[in-house]
Amino acid sequence: MTVMSDTALQAAPATKARGYWATVGRRIARDKVSMVCAFVLVLIFASALLAPWLGLADPYQGSMIRRLRHIGTPNYPLGTDELGRDMLARLIYGGRLSLIIGILPVIFAFVIGTSLGLVAGYVGGRLNTAIMRTVDVFYAFPSVLLAIAISGALGAGIVNSIVSLTIVFVPQITRVAESVTTGVRNMDFVEAARASGAGPFTIMRVHMLGNVLGPIFVYATGLISVSMILAAGLSFLGLGTKPPEPEWGLMLNTLRTAIYINPWVAALPGVMIFAVSICFNLLSDGMRSAMDIRN
Amino acid sequence: MFAYIARRIVYVIPIVISVALVCFLLVHITPGDPLVAVLPADASQELAAQLRTAYGFDRPLPVQFGLWLWRALHGDLGSSIATGRPVLSEVLRAVGNTVTLAVAAALIGFTLGLMFGLIAGYFRDTWIDKVATSIAIAGVSVPHYWLGMVMVIIFSVQLNWLPAVGAGPGGSGSWGWDWEHMKYLILPAITTAVIPMGIITRTVRALTGDILSQDFVEALRAKGMRELDVFRHVIKNAAPTALAVMGLQLGYMLGGSILIETVFSWPGSGLLLNSAIFQRDLPLLQGTILVLALFFVTLNLLVDIAQAAIDPRIKRG
Chain A
1 MTVMSDTALQ
11 AAPATKARGY
21 WATVGRRIAR
31 DKVSMVCAFV
41 LVLIFASALL
51 APWLGLADPY
61 QGSMIRRLRH
71 IGTPNYPLGT
81 DELGRDMLAR
91 LIYGGRLSLI
101 IGILPVIFAF
111 VIGTSLGLVA
121 GYVGGRLNTA
131 IMRTVDVFYA
141 FPSVLLAIAI
151 SGALGAGIVN
161 SIVSLTIVFV
171 PQITRVAESV
181 TTGVRNMDFV
191 EAARASGAGP
201 FTIMRVHMLG
211 NVLGPIFVYA
221 TGLISVSMIL
231 AAGLSFLGLG
241 TKPPEPEWGL
251 MLNTLRTAIY
261 INPWVAALPG
271 VMIFAVSICF
281 NLLSDGMRSA
291 MDIRN
Chain B
1001 MFAYIARRIV
1011 YVIPIVISVA
1021 LVCFLLVHIT
1031 PGDPLVAVLP
1041 ADASQELAAQ
1051 LRTAYGFDRP
1061 LPVQFGLWLW
1071 RALHGDLGSS
1081 IATGRPVLSE
1091 VLRAVGNTVT
1101 LAVAAALIGF
1111 TLGLMFGLIA
1121 GYFRDTWIDK
1131 VATSIAIAGV
1141 SVPHYWLGMV
1151 MVIIFSVQLN
1161 WLPAVGAGPG
1171 GSGSWGWDWE
1181 HMKYLILPAI
1191 TTAVIPMGII
1201 TRTVRALTGD
1211 ILSQDFVEAL
1221 RAKGMRELDV
1231 FRHVIKNAAP
1241 TALAVMGLQL
1251 GYMLGGSILI
1261 ETVFSWPGSG
1271 LLLNSAIFQR
1281 DLPLLQGTIL
1291 VLALFFVTLN
1301 LLVDIAQAAI
1311 DPRIKRG
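Heads up: the sequence lines are chains A and B, in that order.
Going left to right, the first sequence walks through residues 1 to 295 as this note's numbering numbers them.
Going left to right, the second sequence walks through residues 1001 to 1317 as this note's numbering numbers them.
One chain only, chain B, in its complex shape:
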């Protein structure tokens, strides 16, 4: 097992460096001088030259990348142009809210997805299967930011049950686990859960169908095992793949939260990204994307290891 983990970690290193390279290059594909965003419109030539040296923009690109990577490894992602605060602390504070939202959404989406998927796969080609697959296909096809708007229209505007935007009473940014705060979490969490719910339903349904058609299930039934115990075997065999898909979905929810967070003004990393883009705050944009991508890579690594832990066949592959 340790050899497997070590091998996986070694595989990840070049990926991490490439991810950093992509994030670094993002600033350099922006049209115009990257300095424009930092510079006041009426800045003098000397000030421009000074800042260029200060930010290291006058050095060759590989040197700049090396220096940037070195600083990033030490937790220095530069400071936000808009607020002047260090990028890393801004990002980490926002990521906390995104994690809250993603975990809540995962609880809803994974539970429903596993349930629908298992039932649909088990009762294949019956009306139950048709209902579950229809829900799943709607889930993967719905523009989730629109669904968010519709939820707000129904539950906030029309029924006045739940707040439309924000993450707490009085626009407070600090999260608490009480009903006053939970009210704000419900709509964004349900909206975020819809896509993973659909994808997991579809995956688990296909998995269950495949497993049920295998010979060992026939053998279990032939030796007189009760259906409920057969079902347990099905779940055990579906678990590694289902786990991998769930890990990936959790990663997508963490990294792809910008649309939902914009709709609900949820103060997470997505909303931070949104403001970074529109204020042309390039260090903040770069830092947020780097942190989110590294989150995603780490999560994938953990899923790989967890998968190998529950399914010994993977380690040998």
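Bound-form chain A, shown alone:
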């Protein structure tokens, strides 16, 4: 027994019955597209997080004599912007704010929307009507319009942009959470928990949350893609970040005037938004099909 080969060790866990989430995890790990997206996202997140230690140029330090250098200029691999600041450094540092303002609204909306939807779906009755009819009101606005309306009224700023996007996404997540919860509510195991004396709060927290979180999480992951585009869009309009902060949407805005001089440098920040957005979308698709065990 002491001489156990590596293959025997690896084969051992396979005989054990795998749980649902382990199966889902394995299916995602096998999906090439999802893995590539996860890799790209990790790369972008890590470089944004570690930006100060990557030996980059100062993203705020401009120079009037080296404005709008082309991509591939020595020392400036991605050129310089309209104030002569290093584009590579600004794109990497820009990830910090861009990712925060794009992802935080979805996280906030996930927490608030899941709670509202869970309560509405489980308690039902008048409370459900009150919550869901309020949600309907926000559905009467196209989401871009609602985001612009709130942020336009509140005024420019990072916090206001996060608040307005959170308000846009809460109703969407609440609807998904409510419909998933309603589906689970009448299942036998919930009935069994109720029969054995569990209170509504315990049932929601212990028995239902685990069963509804999956689909809501997948939906929220897809929303990050929309949120990244809208958050950068608000900055692009001048409603989010303020100069000289590096942020992809704002960079696109200030570089707009440069499209006649150095067009491809001006388009770079959009490539970053696009990359993050498409990766989250594909990852969300991958998770959805991995969780759909019937396939």
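What the hints contain is simulated information worked out from the structure, not anything from laboratory work.
This structure is a prediction, so every number in the text was calculated from the model and none was measured.
All C-beta atoms in this analysis are idealised placements derived from N, C-alpha and C, irrespective of residue type, glycine included.
Keep in mind that the hints are not guaranteed to be accurate.
Unchecked claim - Simulated coverage check for chain A against chain B, where a stretch passes if three residues somewhere in it have a Cβ under 8 Å from a Cβ of chain B:
#, stretch
1, 143-149
2, 261-267
To be verified - Far from chain B, some chain A residues (derived; all Cβ distances over 12 Å):
#, residue
3, TYR20
4, GLY199
5, PRO200
To be verified - Beyond 10 Å from chain B on every Cβ pair, some chain A residues (computed):
#, residue
6, LEU83
7, ILE112
8, SER225
9, LEU252
Take the given structure of chain A and dock chain B to it, following the hints.
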């Protein structure tokens, strides 16, 4: 059918009132006194008090809302602070341009989306499906304002084929259906079409796949129906849902045009909204958002009715 329409309209009334309430409250969530935007910086106390009474800002909020709603129902949305002209006429003039853009974009986006979606769904898991789904996912993930910039870079700056900004020669605001004007419409319309194209492709692909796996399709094939006729049945079954998604997308294009209109300086409601925000022209902001939201609600109502008209099962639900 009439009972169904009547019921839908009754459902819409509370929504319309709530939408109006949200628009009304927008002005009151703005930091500081809503009067600041109207008032010259060196205004005296008396003038401030006078204007406060004139605008009704000294009354309790519910009374203000009631009065505002009453005036709005009579088509009075106040006047723009920047231009002094009535908000409603400003908005309606701009909305016309937005409708032109949205309809042009819908023609492109819906046609391509339906085509890609049907083909991808029919040839599921083949290379054709993969190409169509890749285009669709790129379409829904692309920051469209950036795509607009890229289009300008390619077709205006580099190739010099199409104008970069505006809605007509010499910066004219009046639209005409001739080539001189159409040139200005092409880039913004294509840019606007990308997102609906992606969403419709994805929806229709999923729909087609679901319908094809149903028993009745098997039965149609078993009785010897030609594939083309089977396909016709698939389209018929996919139509109600596809229609609903298209209606919603048209609404999004009308209401969410601010980014594209800013990129292309297209003189529609989005550009109006943009200037209202940055000039702190609150009555104009409020009015534009109200009109666009009501457009959206009406459009959704029409889609519901159209859906029920082509699919009798919905009326009973």
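Each hint, compared with the structure:
For a cut-off of 8 Å, the count of residues in the stretch 143-149 of chain A with a CB near a CB of chain B stands at 5, and the three-residue condition holds. Using a Cβ-Cβ cut-off of 8 Å, 4 residues of the stretch 261-267 of chain A lie near chain B, which meets the minimum of three, so the contact claim holds. Distance check on A/TYR20: its Cβ is at least 24 Å (rounded) from any Cβ of chain B, clearing the 12 Å threshold; non-interface status holds. Separation of A/GLY199 from chain B is adequate, the least Cβ-Cβ distance of about 34 Å exceeding the 12 Å criterion.
With a minimum CB-CB distance of about 29 Å to chain B, A/PRO200 clears the 12 Å threshold, and the non-interface call stands. Residue-level check passed: A/LEU83 sits 19 Å from the nearest beta carbon of chain B, beyond 10 Å. The non-interface label for A/ILE112 is consistent with chain B: the shortest C-beta to C-beta separation is roughly 18 Å, beyond 10 Å. The beta carbon of A/SER225 sits about 6 Å from the closest Cβ of chain B, which is not more than 10 Å, so the claim that it is off the interface is violated.
Some Cβ of chain B comes within 10 Å of the Cβ of A/LEU252; the nearest lies about 6 Å off, and the non-interface call is violated.
The structure fails hints 8, 9 (numbered hints given earlier, in ascending order).
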